[in-house]
Amino acid sequence: MNPVNYLYLAALLFTIGATGVLIRRNAIVVFMCIELMLNACNLAFVTFSRMHGNLDGQIIAFFTMVVAAAEVVVGLAIIVSLFRTRHSASVDDASLMKL
Amino acid sequence: MENLIALLIAAPLLGAAVLLVGGRRLDRVGHWIGTLLSFVSFVIGLALFADLLGKSTEHRTMTQHLWTWISVGSFHADVTFRLDQLSMTFVLLITGVGSLIHLYSVGYMEHDERRRRFFGYLNLFLAAMLLLVLADNYLLLYVGWEGVGLASYLLIGFWQHKPSAATAAKKAFLVNRVGDMGLSIAIMLMFATFGTFAFGPVLSHAGDTSQGKLTAIGLMLLLAACGKSAQVPLQSWLGDAMEGPTPVSALIHAATMVTAGVYLIVRSGAIFNAAPDAQLAVTVVGAVTLLFGAIVGCAKDDIKKALAGSTMSQIGYMVLAAGLGPIGYVFAIMHLVTHGFFKAGLFLGAGSVMHGMNDEVDMRRYGGLRKYMPITFITFGLGYLAIIGFPFLSGFYSKDKIIEAAFAKGGTEGWILGGVALLGAAITAFYMTRVMLMTFFGEERWRNAPTPSPAEPSVEPAAETRGEHTEPHPHESPKVMTIPMIVLAVGSVACGFFFNLGDRFLHWLEPVTGHSEGHSPVSTWTVTGATLVCLVIGVGIAWAQYGRKPVPAVAPRGSLLTRAARRDLLQDDFNHVVLVRGGEHLTRSLVYVDHTLVDGVVNGTAAGFGGLSGRLRRIQNGFARSYAVSMFGGAALLVAATLLMRAV
Amino acid sequence: MSTTAVHSLWTTAADPIAKIPAPKIEYGQLSPTLIVVGAALIGVLIEAFLPRKSRYYAQVFVSVVALCAAFAAVVALAADGYGTTKAHIAAMGAIAVDGPALFLQGTILLAGLVGLFTFAERRLDPAAHGNRVDSFAAQAASVPGSDSEKAAVKAGFTTTEAFPLLLFAIAGMLVFPSANDLLTLFVALEVFSLPLYLLCALARRKRLMSQEAAVKYFLLGAFASAFTLFGIALLYGYAGSVSYARIAQVVDGTVTNVDPALANTMGNDALLLLGSALIVMGLLFKVGAVPFHMWTPDVYQGAPTPVTGFMAAATKVAAFGALLRLLYVVLPGMRWDWRPVMWAVAIITMLGGAIIAITQTDIKRLLAYSSIAHAGFILAGVIATSKDGVSSVLFYLAGYSFVTIGAFAVVTLVRDAGGEATHLSKWAGLGRRSPLVAAVFAVFLLAFAGIPLTSGFAGKFAVFKAAADGGAAPLVVVGVISSAIAAFFYIRVIVLMFFSEPRPEGPTVAVPSPLTTAAIAVGVAVTLVLGVAPQYFLDLASQAGVFVR
Amino acid sequence: MSFPLLTATAALPAVGAVATAAVPAARRTAAKWLALLVSLATLALAITVLVRFEPGGARYQLTESHAWIKNFGVRYELGVDGIAVALIALTAVLIPFIILAGWHDADPLETGSRRWRPTQGFFALILAVEAMVLISFESTDVFLFYIFFEAMLIPMYFLIGGFGDRAHAQGEEAAATQRSYAAVKFLLYNLVGGLLMLAAVIGLYVVAGNFSLQEIAQARANGSLHMATSTERWLFLGFFFAFAVKAPLWPLHTWLPNAMQESTAPVAVLITAVVDKVGTFAMLRFCLQLFPQASKWATPVILVLALISIVYGALLAVGQRDIKRLVAYASISHFGFIIMGIFAMTSQGQSGATLYMVNHGISTAAWMLVAGFLISRRGSRLIADYGGVQKVAPVLAGTFLIGGLATLSLPGLAPFVSEFLVLVGTFTRYPAIGIIATFGIVLAALYALVLYQRTMTGPVKPEVSAMPDLRARELVVVAPLIVLLIFLGVYPKPVTDIVNPAVKQTMSDVHKTDPKPSVEAAK
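Chains as they are written, first to last, in our numbering: chain A, 1 to 99; chain B, 1001 to 1648; chain C, 2001 to 2549; chain D, 3001 to 3523.
One chain only, chain A, in its complex shape (with noise of 0.2 Å):
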């Protein structure tokens, strides 16, 4: 099967995730959306380190995998901490400052 498909299979997950990010009200949703494209991202490195024949592409996604990991610890503290102040994760309370 033609690799180039999980190229498109990698950027419907990409735009998926990316939407999700525009949509959804709570912030975790809002964050696995995020997860989720870097995985779209991860997807297409794989692809293309199997197109190019070289293991970067793989390497690479190991790497993505790390930070991801990270950001979620962050992330994860951040809203957590977010929530028990406001008792709700929705992204869209959190606006105090506008304008």
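Rather than coming from a laboratory, the hints here were simulated on the basis of the structure. Beta carbons: idealized from backbone N, C-alpha and C, even for Gly. Don't take every hint at face value.
[Stated by the list, open to error] Here are the computed lysine-lysine pairs in the DSS-like style, where the Cα-Cα straight-line distance is at most 25 Å:
id, chain 1, residue 1, chain 2, residue 2
1, C, 2053, C, 2154
2, B, 1213, D, 3391
3, C, 2150, C, 2086
4, C, 2387, C, 2206
5, C, 2426, A, 98
6, D, 3070, C, 2387
7, C, 2086, C, 2387
8, C, 2150, C, 2053
9, A, 98, C, 2387
10, D, 3461, D, 3391
[To be verified] Reference listing, derived: stretches of chain C covered by chain B, where coverage requires no fewer than 3 residues with Cβ under 8 Å from a Cβ of chain B:
id, stretch
11, 2221–2230
12, 2331–2338
13, 2348–2359
14, 2384–2391
Assemble the complex: chain A is given as a structure, and chains B, C and D must be docked to it using the hints.
Relative to chain A, chains B, C and D alone:
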């Protein structure tokens, strides 16, 4: 000898400086300093005159170069004086009459606490006037020209606390400025045409350039003359100028300054000779003013304003003569000199009368004063006879010559001008007789006239300060005032005859002004006869109206013409409506424009940015997701644009 | 896909370990970064093992020492000629050691040091229960207003973790502009972003706003980096490698030995354009260019002011460095594709930032928008695509970062009961109350406005000159127009401080410790020196103007 | 390397400013005296410059040149030609009088409002402005000039916004807001101008590669530096706009009335008599030298604008109710004359314009400062609040009248010479414009005399009945100015001799010669 010329000016200038800077400590002696210095100037003038007479005719022009004033590129102006027969004549007139009037003022201004300043201004005027007539180029003349304007401004407005006086002063200066504009444009034209504006080169090369340019220059000079000499259409200031103290009216607004225009035209004769159109304009202005002034003079009840009108019309005579070209120049100047004498005399007389009448100026509140102030009566009377041209008095000679010259112009012009001049003579006789009768004859109308008439608000302040509106006690003025009057009276009787003995004056001036005998369609004697007839008619009518029947203490309504004439033939009203009102509207609207439009555009732009900012910041609505949207959109745009760039 | 390709791939994957060469790392040339990272790790250990009381001092000490040492290392490298002649690529092509890298690292380190001073300031906030406190939350984990927070405050806790976080951020920033392959770029990006997200959440006062800022910054930042990552993936797909040099070669078409198997992807321009656009977008997000700027005002306002100052200065420096390297090293071949786009971005950034700032009422937001406008000005220099352009941008960044930190440091001084009084109305008549502070702030504002004899003018002039030289005259015109607009609100603040009557209930100006004083003093000094006698630094910047390939 | 006289002249007031600012708050009087002494010392230096300068010598004399910012091609280059010397002298002469006149303007009010007006600051700012003005007259490097042309705004801005007339109709609060509005307006107008000029300066660098006025001018002259016509025009417009704002030329003038109205009289004089001159000076030095073709190309439009300024300014002056605004609009009219003279491109016009700058400086100073004394006595700027002052304060009235007469350029006073030169210079090349401009002298008479009449003459208003006459200090300020006015009116040669050679140079820069008269009568 020519080094003395500068002293002529220096003396009064020094006086002005000392008196104005000196401060109160000079109040005691100030007036004497001023008088002394003006006499000094007069003596120097006499010395120079003697020297000039000593010389042969062609060497009678002396110049004194002091320093280079302005020098930029080819633009070169020197401070150089030029004394020739013409300027000599003026110097003597100015310093002579000036000195007399200084003397007179010592008495007249006795009660004014600002007398020192008054004399300072008088000296300033003398200096400026002398500079005017002694300048060797038009730019320097311009300095004197505006200098006398300043002096007259200061002196008309001398009683500044009177709004009327302040207004009159301002008006005089402004109207003069309009004239000055003409002079400066004329100078620019000269510079552009001849590359210089010194008398010598300009006048000697006048012929070398085109008609058009010369006409332009001539008309501009005429405009200047109109401003300074109160000729139509710029005459309106002279009447109001009577707000000034009477000696000022005598010196500046009768004898000397107002005649500067005539000087200018005669001085620039070469230009006018080469520009007949300009000359015609001059004669027309002269003729019109001649009648205008005369008519106004007939209607005024304020003695000074009546005399002012007469001044206007007499200067009209001179301008008319000057416009006639070589045939008229000399007579213009001659009439100027004689007029200087008798009109100054008349004003001083009027001043003396007012002095004795608590500064009342309304002739309808005079009457029968000849018993109370005999000297004034006699001197005034002599002046009167002189101005109406009573045979063998000075006016008779000078005016006759002008009328003859007018006829001698030839053609229909000649007839018209001559006719006008004759008519003028008649009217002159009328209004002067009227003044004479109302003032010195008839019943004593001042007996039952407690308050000054509201018609004449311009009551001199001395009266207010003294607070007397009770019945006046007419009395003769002190010696210091009467002596000048007597001297001037003598002058106005004799000088005409003296000048004409063997055409002295003619030969004296001819080298400067040039002279040509016109061929008059009518003989000299006819003219003289006609003049006398007119004279008699004028006097007769006046006597019929004011001599036989009593004069009403309150002015009757009078005919349309009279009412118009009382208002200077509506000329002021015209100015007010057209210029003043129009100007006010213009400035007010401009202020509005400046605020709303010019400023508004800028403020508007600022406000516009503010509004835009206010609208744009709404995008920043605080919702993270909308920020994400903008980022997403931005990214999309970025990608699209990049692809597009490649596509095209 | 042909079987040979599969086979080859398999074999490559199956190669014996021996075939993988041991990496060769030039520790000496990476020393600045390594020092900072090491110090950060020590900081973590301090948190773990030292008693609370002594942590603060230990942390400050370690951080200061580390930053100074790192800066010394940078200077040493530069003196050694790594900036010019010996410039080359270290760490197996991962890190470039060259002029721009060293210059920017130096700038970041100094900015970090000054920022550190403001972090360590403990005199401004009134002492809580006898404990001096800095501007960081007593205990970030405790809910605002909760008992646990009160307890933490009572116990005199302070979040000394801020210092290691700062160091980590700085470390990431040091790598960012010198990263020479996309992977390093991405990692560095995250390394300096994540600590900043956290730092934003640590404000002692106004914690809700602080947390909100953190959330926004985090979500949007992660969002952006996801885009970046996807862009990286695409570029990788395009070039078959993430190394700048390799990609550049492919872009220029000068690539050798193309594997026939890759013919269908290698050099596919669609990938190239998409990829580079997305990566650039990620960087533009960091520099806060319109339309990726919207996080800036909120985050600047919500974050603790020292953090804001540091962030505003250092992030810009690092991000612009990376942007420059990307555009000058990787993508010069497609200059004609990205220049027009950048033109547009620069223009809307300059105008947008300036215009929106006019109606701001909060001093921190105002400065945020002004920083956006400045990003636009710097972009104008980036677009010049010339050596002059590079050096002018470097110079601008150096000048700008110190002015920014100084300005925010002044903001920390103006306080009332509720902490910092950032609403503009409260600044009315400040010039009457404390002329000196007002004057200093006025100097910073004038520098922002680009009045001559300040660093702002020199920088702006350099950038615009480069842009005009590079044929971007219209950009210069837009630049001066937006500077004029910007001048309006800077002046508004000055008017407010000097010409309007002080409010009775107006804020007081706290007397800072030598730390903040030093930060402000450095700001003023740099502003004036770079304004009056910029020659030396211009030389420095122009020597550092060449990227190694 | 001789003694850097020009640097010293500019540096002295700068140092003085710092020193004055450093004087402790209590020693207010000391600060005043210090400032006065510094300004006098500067005057001494300026006179040395005047003496050391040889008319007809090299074009730029007393030159200094040091490297400054290599990368921008900027050098620290000073040098003066006749025009610059004249204006330096003017500045140095006026500043002591300004300081003396403003002696009490910045004293903190003992009673009532908590105005923040440290005397030290006031005088320090004045000296700072002087320093910057001087250096911008001296600099022959475009960039150097630009820097101080711009930096000058900041001290001016604080002088306008920080210090105003004491008593104010609507009370201090309103006064403060109006002041800051005026200050902001001043700053923004000039900043916008300056920023556009910045673009042009950069463009000039891109074209020419350096900023040295002499080098560029030479290169332009000998054709080695070619500018595309459109480029030259754009650059010219960039420069001219900035100078036209500063000058100010209609319709960019509206900042001036506000600024002069709100600031104290000495500061107003500083604005119009000193600072604004930099604009007209720069037109003469930079626009004409750097962009001769473009200058000629723009001449018609500029002349028309100048003409509008003349008439428009005068008419608005007539319409004003506020004494200071009136003076401001009068100045606008005068600046119209100056600009007209510059762009008439005749030696009379340009010499006249330069002379005009000097004379207008002195006459406005005299007029405005006396007006300031008047206002400080009554505490109102409205003309309607005065009347009959000459009765109670004759000397004040007299000096005020002389100031007014100078403004309406009465012959015998200095402004007449320059105004007439400008008119003649314009007339010989553009007769129509020259004639229309002549109407300006009538309008000038109108506003000057109307102001005098309304304030000084007529019955004495009760509010002014107790008004004291000029004090010794004030007399010391006014008298020398009046003497100068008369002297330069009677004997302007000292100035013209210095200016003429420089103007000849400028004329040759723009390849123009005076139009020849049709009849050679001068011989």
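Verification of the hints:
no.: 1; hint: 2053(C) x 2154(C); result: 14 Å, holds
no.: 2; hint: 1213(B) x 3391(D); result: 49 Å, violated
no.: 3; hint: 2150(C) x 2086(C); result: 57 Å, violated
no.: 4; hint: 2387(C) x 2206(C); result: 45 Å, violated
no.: 5; hint: 2426(C) x 98(A); result: 19 Å, holds
no.: 6; hint: 3070(D) x 2387(C); result: 16 Å, holds
no.: 7; hint: 2086(C) x 2387(C); result: 18 Å, holds
no.: 8; hint: 2150(C) x 2053(C); result: 18 Å, holds
no.: 9; hint: 98(A) x 2387(C); result: 40 Å, violated
no.: 10; hint: 3461(D) x 3391(D); result: 10 Å, holds
no.: 11; hint: 2221–2230; result: holds (count 3)
no.: 12; hint: 2331–2338; result: holds (count 3)
no.: 13; hint: 2348–2359; result: holds (count 6)
no.: 14; hint: 2384–2391; result: violated (count 0)
Consistency note: the structure conflicts with the earlier hints numbered 2, 3, 4, 9, 14.
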